[in-house]
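Protein chains in written order, with this note's numbering: chain D, 26 to 127; chain S, 6 to 165.
Hints are not guaranteed to be accurate.
As the list claims (entries may be wrong) - Where chain S lies over chain D, by a calculated footprint (3+ residues, C-beta under 8 Å):
1) 40-49
2) 57-68
3) 74-85
4) 90-98
5) 101-111
What the hints contain is simulated information worked out from the structure, not anything from laboratory work. Even glycine gets a Cβ: it sits at the ideal position worked out from N, Cα and C.
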Amino acid sequence: MTELWYFYLFFAAVIIFAGLFGLLTRRNLIRLFIAFEVVSKGVSLILVSTGLVKDHILTAQALAITYIVIEVSLVATALAIIINIQRRTGKLDIRLLTKLKG
Amino acid sequence: MIIQTALLIALVVFLALALLLRDLLKAAVALAVASIMLGIIFFRMGAPYAGVFEISVVAGLITVLFILTIALTKPGEDVKESKLADIVFPLFFIAFIIIDALVMKGLMRKIPAVPGSPEGAAFGDVLWKGRTLDLIGQIAVIFAGVFSVLALLRKRNKHD
């Protein structure tokens, strides 16, 4: 069973790494959010695969569904904020959002 | 197992495409295709409910939200991305895959096996009886999301 778990976690780690790299290097706000979505795909894969290996697939599914609902709510809110930022600044560049300098 | 491996490789490829494609619309579509792949993987892992949610909500609803945002923010789209990141990404990606293949197995042996309590017979039992608090939390999160979107996208008064 550990082999199967290793197999899924290997791919999940690759996906999360790609997403984190995107989060660190991208400047467009929508692209940053796509990178966040990539990370969340890896997290979902870890949740369900761990449930499969530990014989708790039903609980893992329930948690995955909760995670998806939270993800949707977060995406809707964040995209509304992105639209507002674009309306105010005319751009989607993360580097323009450095006005909160204290 | 071969089909599952092919699906996982396709998932990684489409997610990498979502990060690398220059056109935002194509990136959003690549993300949707990756979600469909993940949904199929969930189905094959014996998690049909998670698969249905992944395909209908993530591949459907979130893609629509992304495309809507891309359409609404068209004039501000021309952000100059770092060219160095595009060059470095494949190198780091391959390096990470090699490190992952070498290190992950050793790390996994150190994770202690925690015994869990047995599950209920049906998914409904687990969701409605075992995870009731999660459902209340989900309702709260949905309401919070709806109200925040309404507050953020409301029409401004003349007095504002």
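Hints, verified against the model:
no., hint, in the structure
1, 40-49, "holds (count 6)"
2, 57-68, "holds (count 6)"
3, 74-85, "holds (count 10)"
4, 90-98, "holds (count 8)"
5, 101-111, "holds (count 9)"
Checked against the numbered hints listed earlier, the structure breaks none of them; every hint is satisfied.
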